[in-house]
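Start from the sequences and build out the full structure, keeping to the hints where you can.
Read off the chains here:
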Amino acid sequence: MSPRRPKILVVDDEPPLRELVVVTLGDAFVCDEVDNGDEALARLSGDHYDLVMLDVMMPGTSGTDVLRKMRDDEKLRDVPVIVMSAWQSPQDVASALEAGADRFLAKPFRIDELGSMVRGLVSRSA
Amino acid sequence: MRRLSLVGRVVVLASAVAMVVVLVVASSLIAIVSLRHAEARESRAKDVTAATLMLQSIAADLEASLRGFAITGNAQFRSRFNAADKELPAAFQQLTKLVEDDPQQLHRAEDAQGLLNRYVSDVALPIIEIIRPVNAKAAQSQAADELEKQSANEIRDELDTILNTEQARSAARASHARDLARASIVGGSVALVLSAALVLLFGAWVARQVAAPVRRTSEAAAQVAAGHLDVRVEEHGAGEVGALVSAFNSMTRALEHNQEELLAQNKLLRESEEHKRDLISMVSHEIRTPLASVCGFTSLLLEREFPREEERRYLEIIDQQARRLASIAGDFLDVKLLEGGGMTLDRAPFDLVDLTREQANLFFSHSSHLLELDLPDDPVVVDGDRDRIAQVIGNLLSNAIKYSPPGAGVRVVLSQDDGRARLAVADEGMGIPPGDRSRVFEKFYRGSEAASAIGGTGLGLAVAREIVTSHGGEIDVESEMSRGSTFTVELPVGAVAE
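These protein sequence lines are chains E and X, in that order.
If you're matching positions, the first sequence starts at 327 in the numbering used here and goes up one per residue.
If you're matching positions, the second sequence starts at 117 in the numbering used here and goes up one per residue.
Do not take every clue at face value.
Straight-line C-alpha distance at most 35 Å; calculated DSBU-like pairs for lysine-lysine [unchecked claim]: (1) K401/E - K518/X; (2) K559/X - K452/X; (3) K518/X - K452/X; (4) K392/X - K452/X; (5) K162/X - K265/X; (6) K559/X - K392/X; (7) K395/E - K518/X; (8) K333/E - K401/E; (9) K383/X - K518/X; (10) K395/E - K392/X; (11) K333/E - K518/X; (12) K392/X - K213/X.
To be clear, the hints were calculated from the coordinates, so they are not data collected in a lab.
See the structure below:
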């Protein structure tokens, strides 16, 4: 019997992007998808996740707000977060890292880069 | 009253000062001339007095020598008489010459001359004649003596009158000359004081009317140079100086106005620069999002094996996202056409009901939004460019989905009324702030901060409006904050298709 598969929450308002992340990560991970920040926070407070893939620019609660709330929450403080965004100026990257992101992934990204980044963070926290 | 120009005022005042100075000089000249005149009079009076005294002495000589001769019969007295008689004409000539311009005195002198001549011819000579043949006693007769005395007295009186008159006149003239001189000195002094006062007044006036406004203007100019364009000079001052001050004020007003305009333009430019930066960043974001799917799925398909079904699905996503990219590029192309006015329509009659249904299916098949579609049973035929109108409807539908929460309702109603087709797309979204409503149709306008978290080029509605108006239609928006927005398109209905 293989060990428990790491659980990942994919937060993005663009369905194709969520699907791309899910397909790229493949069967090695269990992926849940949500398309907005509020739902992401609701899921996070209910289930344990090993990693969050978080888009920044979403209607309603933005990815940065979700990240800040996570870092203020004792239970969620240590959950690794990869922020992925099409906004990638030095200020955008800096504000994501300051808000508590572990990695910044610029869209469009290489699929192998996504895979190695996720595996690295999950194995470290495991 | 018409205000005199500054030059006019200076000329008037300078003339007044000059006139006063001329008066001063003239009165001094008059005083000098009258004094000299009085002097000449006095010296002539002295001459007249001297000439009269000479005549008096000759007359006295004549009388004395006649008496001497009559008493003594001595020839020496006779020759003295003759000598005095000889001097008479010259002495009278001198006197008459001196008084020739004075008829009264001249008359008196001629009288005196007549009397003396008569004295010589009627009194003295007969007495001498009597004395020569007879003895001296006869000459001393009472009658002769009386006659002689009377004549001599008459002559003396006449000469005295001349003398007295001349002296009285001389005194009167001297007094008149003194009066005149005194009056001239007083008048001259008054005029001098007056002219000094006038010059002072003139100076004060120039200072007030010219120097002060010019000084104020130059101070204001220095302030303007230092950048204080709100400086104004009190509009005071005569003629040209007043005009200068007022011209200065209008210049600073114009400068201030221009500066305000420049600042406003500068602000606009800065805003437009910021806008451009935002736009570039927004466009790159808009392109990157679909590009991420295209690149990602392409890599997956190239690197991994997938069941044929999944493979097809990913290819569909790639296709869809590539189209999205193409549509962004198309928006920019449309904007270029809008700016150049070069949008051409490929017009043909088509059914708007059919087109609306088609677009609704396209946009809502993969959406969590709840579509409520209200279409008429009969076709609504519009003569226009079907693809362009499809673009408009697509834009309104995608906006309704984009700007309202997932699961919210979108109501699409098509109706036909009075030759106009009316398509309304109502969402239950965040609404458009009142300040943004009139601007949502401007190109690149992305609205308030709430909306800016949502992707878009800010071109869709601008292009939509251009398409609708070039079809002779109208596009409008009504909105209520947190309740939703309704976009309405009205198009003229064309002929029913065959």
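Hint check:
1. K401/E - K518/X: Given that 35 Å is the threshold and the Cα spacing comes to 33 Å, the pair holds.
2. K559/X - K452/X: 11 Å, holds
3. K518/X - K452/X: 25 Å, holds
4. K392/X - K452/X: 16 Å, holds
5. K162/X - K265/X: With a Cα-Cα distance of about 29 Å, the restraint between K162/X and K265/X holds, given a limit of 35 Å.
6. K559/X - K392/X: 12 Å, holds
7. K395/E - K518/X: This hinted pair holds, its Cα atoms lying about 25 Å apart.
8. K333/E - K401/E: 16 Å, holds
9. K383/X - K518/X: 32 Å, holds
10. K395/E - K392/X: Measuring from Cα to Cα gives roughly 33 Å; hence the hint holds.
11. K333/E - K518/X: 30 Å, holds
12. K392/X - K213/X: Status violated; Cα separation ~119 Å.
Violated hint for the displayed structure: number 12, the only one.
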